[in-house]
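Protein chains in written order, with full-length UniProt numbering: chain B, 1 to 337; chain Y, 1 to 337; chain D, 1 to 337; chain H, 1 to 337.
Incorrect hints may appear among the rest.
Because identical chains cannot be distinguished in the list, a pair is counted as satisfied if it fits within a single copy or across any two copies.
To be verified - Think about it this way: if two alpha-carbon atoms lie no more than 20 Å apart in a straight line, the pair counts; the simulated PhoX-like pairs of lysine-lysine are: (1) Lys16 - Lys233; (2) Lys233 - Lys5; (3) Lys16 - Lys96; (4) Lys20 - Lys188; (5) Lys118 - Lys3; (6) Lys132 - Lys262; (7) Lys43 - Lys3; (8) Lys233 - Lys248.
Simulated from the structure, these hints should not be mistaken for lab results. The structure displayed is predicted, hence computed values, not measured ones.
Protein chains: 4
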Amino acid sequence: MSKIKVAVAGLGRIGKIHLKNLCRNFPEIEVVAVMDVLDESKKIADEFNVPVFVKSFDELLAIEGVDAVVICSPTDTHADYVVKAANAGKQIFCEKPLDLSLDRVKEVLEIVEKSAVKLMLGFNRRFDPEFKKIKQLVEDDAIGDVQIVKITSRDPGPPPVSYIKVSGGLFLDMTIHDFDMARYISGKSVKEVFAKGAVMVDPGIGEAGDIDTAIITLTFEDDSMAVIDNSRKAVYGYDQRLEVFGSKGMAQAENNFPNHHKLYTETGISGDLPLHFFLERYDASYNREMSEFIEALVSGSEMPVGGNDGLLSIAIGLAAKKSVAEGRPVKLTEILN
Amino acid sequence: MSKIKVAVAGLGRIGKIHLKNLCRNFPEIEVVAVMDVLDESKKIADEFNVPVFVKSFDELLAIEGVDAVVICSPTDTHADYVVKAANAGKQIFCEKPLDLSLDRVKEVLEIVEKSAVKLMLGFNRRFDPEFKKIKQLVEDDAIGDVQIVKITSRDPGPPPVSYIKVSGGLFLDMTIHDFDMARYISGKSVKEVFAKGAVMVDPGIGEAGDIDTAIITLTFEDDSMAVIDNSRKAVYGYDQRLEVFGSKGMAQAENNFPNHHKLYTETGISGDLPLHFFLERYDASYNREMSEFIEALVSGSEMPVGGNDGLLSIAIGLAAKKSVAEGRPVKLTEILN
Amino acid sequence: MSKIKVAVAGLGRIGKIHLKNLCRNFPEIEVVAVMDVLDESKKIADEFNVPVFVKSFDELLAIEGVDAVVICSPTDTHADYVVKAANAGKQIFCEKPLDLSLDRVKEVLEIVEKSAVKLMLGFNRRFDPEFKKIKQLVEDDAIGDVQIVKITSRDPGPPPVSYIKVSGGLFLDMTIHDFDMARYISGKSVKEVFAKGAVMVDPGIGEAGDIDTAIITLTFEDDSMAVIDNSRKAVYGYDQRLEVFGSKGMAQAENNFPNHHKLYTETGISGDLPLHFFLERYDASYNREMSEFIEALVSGSEMPVGGNDGLLSIAIGLAAKKSVAEGRPVKLTEILN
Amino acid sequence: MSKIKVAVAGLGRIGKIHLKNLCRNFPEIEVVAVMDVLDESKKIADEFNVPVFVKSFDELLAIEGVDAVVICSPTDTHADYVVKAANAGKQIFCEKPLDLSLDRVKEVLEIVEKSAVKLMLGFNRRFDPEFKKIKQLVEDDAIGDVQIVKITSRDPGPPPVSYIKVSGGLFLDMTIHDFDMARYISGKSVKEVFAKGAVMVDPGIGEAGDIDTAIITLTFEDDSMAVIDNSRKAVYGYDQRLEVFGSKGMAQAENNFPNHHKLYTETGISGDLPLHFFLERYDASYNREMSEFIEALVSGSEMPVGGNDGLLSIAIGLAAKKSVAEGRPVKLTEILN
């Protein structure tokens with residue numbers, strides 16, 4: 001059986017993770033080419049023995065025999081690259097978000113829909129072992145009817161204000177993962193969003209028109225609810241927890257730690273902080289995510305995260321922005337229609 | 001030194017707890033009389049060797065030498081009894097809430113204010129060792145500026161629908177404790193309330209015009225926030241947790257358990273459920289509460305929970321009701337003015 | 001029904017605890033007299049409204065109508081007082097150990113045996129909620145056949161060397177509780193003892209002929225085992241844990257804490273130390289112990305801890321001493337016969 | 001810089017783990033050949049693109065340019081292979097134990113000593129992140145002088161009796177890891193061993209002359225102690241814990257789990273069992289172990305685990321066997337001289 005030929009576009013932090021996983025852990029595929037706009041990224045290609053390095057996405061698509069592309073380039077290239085890849089008949093994995101404009105996302109998804117290819121979006125947290133376990137408990141009906149979903153999602157520190165200005169802001173850049181998690185874990189559709197935001201971490205973020213602290217209440221179609229709390233800066237590190245409460249019980253997922261030692265001294269009991277940020281915390285999830293992408297490629301089955309998941313998370317993010325701006329709950333239909 | 005003479009009004013569940021603590025744990029006071037409308041409550045008086053048992057509050061106040069009254073009778077008697085006790089010059093401990101009507105509460109507090117007596121309200125959770133520890137960490141600045149307060153407050157099962165009809169509903173009967181906790185733990189004033197509610201536990205509660213599941217976002221004067229989640233029915237028992245997130249760190253208070261054993265078997269690791277309900281969970285808090293009341297009596301110092309704390313919690317509760325009814329955030333000024 | 005009349009001998013730390021529990025928590029009994037050799041202990045009698053205070057045990061026994069005595073005086077008085085009380089026909093609760101001499105213990109137990117009274121010994125840890133839960137799991141066969149019992153027992157600091165000289169040393173003064181726990185939790189007889197000891201905490205303890213650090217392996221009749229580790233000084237406080245491993249699983253009992261908060265800061269996660277010493281840690285156990293003593297008095301049923309339990313724990317302690325002295329395992333029959 | 005050329009001998013469970021790690025995670029080395037006595041192991045070579053597959057160790061050594069060998073073949077081949085590799089001038093990583101005969105081990109170590117090569121032994125648990133953290137705390141003097149080391153080491157199930165017969169028994173096959181851990185974590189020499197053993201799991205193990213349950217007390221040169229408890233069968237899975245108690249505090253290492261979820265239901269709180277056995281539990285340790293071996297190869301520095309570590313663990317194991325057989329503590333000098 002011949003190997004599936006994969007090309008990777010974009011060799012930033014996430015691109016390098018996917019490249020490493022693809023090269024090391026999946027004998028059923030072969031990375032035949034990588035693309036990055038920076039010359040120095042050729043070194044990365046060499047390190048992983050990838051035979052072809054190019055600097056544009058068009059060149060990448062022109063390479064003979066590529067079956068699938070993994071798109072990890074900056075957000076503003078996602079939509080174009082996905083359209084090009086779909087037109088070229090390549091299977092697609094693309095990092096989230098597809099685009100910050102809902103209309104553009106819809107347009108892209110229509111093109112993909114009409115094409116012969118499938119698209120998977122990089123909501124990696126769905127593949128985290130802690131959260132996957134909770135999802136499984138929900139599916140096994142161990143929790144019963146889901147009534148309340150609680151997501152704690154706090155970063156160890158804010159990105160540069162310059163990045164915040166182009167990222168779409170807290171809700172589209174950071175909370176978007178939590179919006180997807182709320183939908184995924186409950187298996188329910190969101191109908192209304194109420195968000196309160198504040199600038200507590202860095203006034204510069206406020207001057208850039210964004211917030212750095214937020215509480216968001218999502219109402220699902222059946223009136224059950226999710227609540228998310230966000231901060232751009234938890235001094236103790238990356239805080240990623242999940243709790244699902246239902247008619248039969250409650251399940252909690254904890255942070256991940258480098259070790260679980262306890263030290264007892266005269267002054268108290270202490271232990272290590274959680275894994276510091278997403279590269280460490282979600283290391284296993286990135287690998288599983290790629291594994292499920294490859295499995296879907298091989299088997300021809302449905303992608304585990306589809307384009308519509310991306311669309312809805314963006315819509316919820318836009319509703320949250322509108323809710324903060326207008327000081328009122330916003331129906332998702334206001335955004336989607 | 002002569003002992004302080006205390007009389008207890010109302011010998012329901014809470015009344016009996018206060019009576020027991022007063023009789024057993026505080027040698028500096030003496031319970032000289034108890035009052036209850038039911039004849040059979042005389043047995044309780046006898047059990048604790050309380051010399052006088054009466055059936056009306058007026059009789060209780062008429063007893064010679066009573067210094068202070070502890071009011072644990074039904075909610076609809078609180079306002080009247082407090083007014084009578086204040087007029088009679090008795091120091092007052094009264095269970096929450098003072099009344100379901102804000103105007104009546106204001107009226108009563110004015111009377112107390114003008115009187116020579118002090119009033120303490122029974123927000124017992126402030127005296128729980130778990131929450132007191134978190135409060136101390138906030139005061140010690142171990143958490144820094146408080147940015148997010150998270151309160152989980154779920155009952156093991158709903159009260160009878162008949163009770164719900166007269167109790168003022170979820171927000172005034174149950175969440176009122178959480179509103180007080182949010183104010184107490186943060187030391188901040190609430191300026192806005194947004195609440196979403198649903199009927200997930202019992203349709204009868206919905207038919208009675210109330211909700212049984214809720215998420216409430218409180219905005220403090222400085223834009224920091226608190227979020228509360230409530231359910232009338234957690235099948236695993238009483239769930240009372242608190243988390244405070246700030247600029248220097250985060251502190252969590254856990255549920256209380258009958259023991260902390262872990263059992264490892266072929267099928268998993270298991271442990272006991274939390275203490276089932278408030279009588280067990282807040283056993284220590286009731287004792288400490290009474291202890292601080294007596295200390296304030298003895299020393300003449302400020303009461304640790306004042307009438308205004310009751311007023312504000314009721315106002316927040318009314319704002320939450322209005323928020324659910326009108327589907328929008330409600331400013332506290334809308335309620336208070 | 002008339003109340004059982006109890007007299008308490010000895011008002012040191014433990015005596016005061018028992019007195020307080022007896023006075024406050026058991027309406028079915030009445031403390032009619034207390035005895036202590038110190039004049040100033042009369043204050044304690046007054047504080048608890050005990051009508052009679054005497055300074056000798058003979059006077060105590062001479063008081064009309066006393067049904068039971070609770071003996072909390074120094075160890076070297078236990079044997080004499082028990083014999084006198086038995087001869088006077090009083091039911092007896094006595095703190096451990098009965099005596100440091102095995103022959104004297106046997107003699108006393110024979111006298112009690114022939115008398116009309118029952119004797120309960122103060123192995124209070126059997127009544128600790130954490131350990132009781134483990135015992136219940138063993139009895140419910142949740143752990144299966146017990147194969148290994150592990151006891152961690154460390155004090156926050158050593159007693160004065162002067163006390164160590166008269167206490168019988170580590171094994172008879174401190175480990176004796178653990179020997180009883182090993183027997184109680186397993187429900188098995190000990191046949192062999194091997195102990196290693198060291199002086200790690202205070203050279204003065206070594207000079208007094210004792211050790212301050214020890215590991216003891218007990219072999220039960222069926223070859224299953226218990227292991228105990230002791231230290232006179234755990235800088236982090238009182239460390240009292242238990243683990244039982246068997247054919248169906250394993251159960252663990254944890255230390256007790258003043259609260260279970262967790263504080264996350266830039267430098268790590270921290271929490272409070274265990275309750276500092278036995279008065280706090282075993283507070284509940286002292287009360288339950290007295291409760292079961294009273295229950296046995298009232299119902300006339302078997303005492304929950306008998307004289308033989310004291311005898312065997314002392315014998316194991318003597319075997320442990322011999323094992324350290326001779327550097328070899330010691331059969332219990334070498335001690336008992 | 002040219003890559004270090006490594007050959008792997010033996011492709012059983014451990015061999016495959018080392019091969020996978022070597023091929024995937026260390027770009028600085030190249031696996032040039034593998035050897036296994038079974039024909040079908042060639043498939044494994046192919047899977048990892050290893051160019052050369054041979055069936056004898058001599059052939060393996062004959063391959064041009066091999067710098068180092070990783071020996072994972074059965075225990076009874078270790079000594080011969082190490083001698084051959086040393087004579088051939090290849091750097092050596094060898095799984096434990098070197099041999100079951102102390103004389104043979106001494107002989108082999110002398111040959112290695114005189115050769116130009118270095119030998120690292122596979123005590124992988126030293127590289128486990130949980131235990132490494134505790135070691136670091138000991139080295140940082142966070143625990144002070146080590147007084148008691150406690151090791152819990154229980155397997156999920158016994159190996160076949162046929163294996164037990166040739167493995168050297170519990171102490172040389174299983175506890176040997178714990179003996180090494182006691183030495184490693186304390187940094188101290190063992191002077192005396194006392195072991196009690198029992199057959200609690202499978203009478204067949206007893207019939208084969210071995211035990212399946214044991215408690216071992218090690219005395220270090222300075223009289224501080226370690227205690228190890230072993231069982232061949234913990235129904236709840238692989239139990240690998242460590243506790244170090246010292247003059248400044250105490251540190252604990254926990255088991256590893258597939259996730260840390262908690263599920264609260266009507267019947268209790270539950271969570272997942274520890275990772276089932278050594279392949280999962282020590283996955284990270286095998287990788288780090290190989291990483292430190294390669295680092296030592298590259299830098300020419302000391303091997304992190306030397307031949308003497310193997311010698312001493314075997315000697316302690318033999319002392320433990322003798323202790324059980326003779327029912328007395330055994331000095332290590334009795335074994336070593």
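Query raised in the report: Checking against the hints above, which ones are violated?
Result: Those not satisfied are hints 1, 2, 4.
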